Amino acid sequence: MIGFNNVSKRYDNGFDALSRINFEVASGEMLFLTGHSGAGKTTLMKLIMLMERPSNGQIIVDGHDLGRMSSGQIPHYRRNIGVVFQNHQLLFDRTVFDNVALPLQIAGLPHLEIGRRVRAALDKVSLLEKERLNPIVLSGGEQQRVGIARAVVNKPSMLLADEPTGNLDPELSEEIMTLFRQFNDVGVTIMIASHDVELLKRMNKRIVGLVEGKLVHDGVLW
Amino acid sequence: MKSKRPSVSGGIRHSGPSSSNESRSSARPSTGINRGANTRGASTNQRSARTPEPEPIRQQGAVQSKLRFSDKFDAYITHHSTSAIDSLMRLLETPLQSLMTWMVIAIAVALPATLYIVFSNVQQLGETWEGSSNISVFLRPDTSDNRADELRGRIAARPDIAKVVYVSPAQGLAEFKAQSGLGEVVDNLDKNPLPGTLLVTPRLQNASDAAITSLEQILVADPLVADVRLDMQWVKRLQQLMMLGKKLVFGLGGLLALGVFLVIGNTIRLAIESRREEILVVKLVGGTDAYVSRPFLYTGLWYGIGGGILALVVVGIGFLWVSSTVEQLANLYESNFRLQGLGIFGSMQLVLIAGLTGLLGAWIAVVRHLYHIQPR
Numbered sequence: 001m002i003g004f005n006n007v008s009k010r011y012d013n014g015f016d017a018l019s020r021i022n023f024e025v026a027s028g029e030m031l032f033l034t035g036h037s038g039a040g041k042t043t044l045m046k047l048i049m050l051m052e053r054p055s056n057g058q059i060i061v062d063g064h065d066l067g068r069m070s071s072g073q074i075p076h077y078r079r080n081i082g083v084v085f086q087n088h089q090l091l092f093d094r095t096v097f098d099n100v101a102l103p104l105q106i107a108g109l110p111h112l113e114i115g116r117r118v119r120a121a122l123d124k125v126s127l128l129e130k131e132r133l134n135p136i137v138l139s140g141g142e143q144q145r146v147g148i149a150r151a152v153v154n155k156p157s158m159l160l161a162d163e164p165t166g167n168l169d170p171e172l173s174e175e176i177m178t179l180f181r182q183f184n185d186v187g188v189t190i191m192i193a194s195h196d197v198e199l200l201k202r203m204n205k206r207i208v209g210l211v212e213g214k215l216v217h218d219g220v221l222w
Numbered sequence: 001m002k003s004k005r006p007s008v009s010g011g012i013r014h015s016g017p018s019s020s021n022e023s024r025s026s027a028r029p030s031t032g033i034n035r036g037a038n039t040r041g042a043s044t045n046q047r048s049a050r051t052p053e054p055e056p057i058r059q060q061g062a063v064q065s066k067l068r069f070s071d072k073f074d075a076y077i078t079h080h081s082t083s084a085i086d087s088l089m090r091l092l093e094t095p096l097q098s099l100m101t102w103m104v105i106a107i108a109v110a111l112p113a114t115l116y117i118v119f120s121n122v123q124q125l126g127e128t129w130e131g132s133s134n135i136s137v138f139l140r141p142d143t144s145d146n147r148a149d150e151l152r153g154r155i156a157a158r159p160d161i162a163k164v165v166y167v168s169p170a171q172g173l174a175e176f177k178a179q180s181g182l183g184e185v186v187d188n189l190d191k192n193p194l195p196g197t198l199l200v201t202p203r204l205q206n207a208s209d210a211a212i213t214s215l216e217q218i219l220v221a222d223p224l225v226a227d228v229r230l231d232m233q234w235v236k237r238l239q240q241l242m243m244l245g246k247k248l249v250f251g252l253g254g255l256l257a258l259g260v261f262l263v264i265g266n267t268i269r270l271a272i273e274s275r276r277e278e279i280l281v282v283k284l285v286g287g288t289d290a291y292v293s294r295p296f297l298y299t300g301l302w303y304g305i306g307g308g309i310l311a312l313v314v315v316g317i318g319f320l321w322v323s324s325t326v327e328q329l330a331n332l333y334e335s336n337f338r339l340q341g342l343g344i345f346g347s348m349q350l351v352l353i354a355g356l357t358g359l360l361g362a363w364i365a366v367v368r369h370l371y372h373i374q375p376r
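One line per chain: the protein sequences are A and B, in this order. Residue numbers for the first sequence, in the numbering used here: 1 to 222. Residue numbers for the second sequence, in the numbering used here: 1 to 376.
Excised from the complex, chain A in its bound form:
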């Protein structure tokens, strides 16, 4: 599903965010990306999302060589990846329903299908009764769940989450993780960036560890 082949990323200011990263993620896998802040977790995710281009190396996602992807193809590529952010990135000028419906409207789904899928996604994150509210009135955990609903509503084959539990208490984090596990169970490839060691231990999944842009660990046990 994802293949990193000798990937390096050096920013314009000379900072080496990633150096010579090699790893592969199989389809349907769930794994964690960990490391201190500044270790390169977010950069790695941005490379997959094509928000950044690598300085060196090759990234293959779902059979696409990202280096060969033109900027015109990027939007269509992104539609197959769900993203969850620490700060939710919700739009507060519209309802919860419209926030979740956004990817489907962009993809050009028929109106009825959008309604059906949005409600299915909101039901999945137990927010169906709040579809008409503005996300600004929701709690942090609820906002994060709206973000997750938006990430999965287009039924992407891959889900990326950058510190999805960063601001949440353990109980809410557990809830979010349960959601991710459920999506993984239906075959979605899931990559979660987190530095929450307790959470990583509990989840007992494959962990890719980064230190100062270098891959130092790949496996289950920390």
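Simulated from the structure, these hints should not be mistaken for laboratory data. Just so you know, these numbers come straight off a predicted model, no measurement behind them. Among the clues, some could well be false.
On the chain B side, residues computed to face chain A include the following (Cβ under 8 angstroms) [said to hold, decoys possible]:
1. Tyr76
2. Glu277
3. Val282
4. Tyr291
Note that beta-carbon positions come from the ideal geometry of N, C-alpha and C, so glycine has one too.
Let chain A serve as the given structure and place chain B on it in line with the hints.
Okay, now just chain B, sitting in the frame of chain A:
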């Protein structure tokens, strides 16, 4: 340790439910990764219990790219109409601000529109005066009416001639008698001294100086023609004035269109900045540049159309204010000249041109600012 496993890319997504289970379970043992208590069988059972969505829907989701073309087209049209309505609503949400922008555009559009009206009215006046720029062709005294009429027909058939009127010697004399007040003197003449005359009206619109001179030479060359008289000075002046008027309208129109571009471009730039967050999110979830820019292009179109309509109102009020005075003035000159407005067709053109200018201004702003907003 590195995980190297056979790719089961799209296993569960692209194949049926049963085969997907197979491919997943065959992939697992070779992973080399301890999945703990989360065994395959258990999670497969969990899956059916946990996910409320029936499998066929997942199938549909997996092959999004196979969305029917008609559906995509419908969605495209829907996005156009929602963008159009939303952007108009956004403008109406801040009525005072929008009105101010509309007024600026209206003034910029109304100025050249007024000049155009003035110019086309002068042109209309000029056409009524065109009669006085006749070419008088005097025929030889011995020319019979039949031959003169034949010549009239030949000249009238030329494309650069608007009209030819034959005035026979008898008609000429009668006219002279009626207008000069020398009737008795004329009666005492033995024979009519006046030659037959052809009054030739050239088409002025596409008649250049050289064309009229060559027309004169052609007329003189005819054996029946004794002399040709024409008042070229007057024709030339009128033509030059018309040309100047045209240039003035176009020049001012161009300058003010540039002003409209700048006003709308700047307004759209501010609108883009204020919706930066939204643009970033939309681009992150797969929105194309065209999708993101659509509402802004419609905003520009609305600015232009609104400004155009307001300009029509301004011009209309000015027209009503002036036209009664012009009418009175024309009556004093015993002319039935009436001020001509833009008319329905012209008004629609004005609004259309203003709308397109707005759209173009918005497009420039979108290309310059929106395409640079990329998620980072």
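To see whether the hints hold, each was checked on the structure:
1. Tyr76: holds, 6 angstroms
2. Glu277: holds, 7 angstroms
3. Val282: holds, 7 angstroms
4. Tyr291: Interface hint status for tyrosine 291 of chain B: holds (6 angstroms vs cutoff 8 angstroms).
Comparing the model with each earlier hint shows no violations; every hint is respected.
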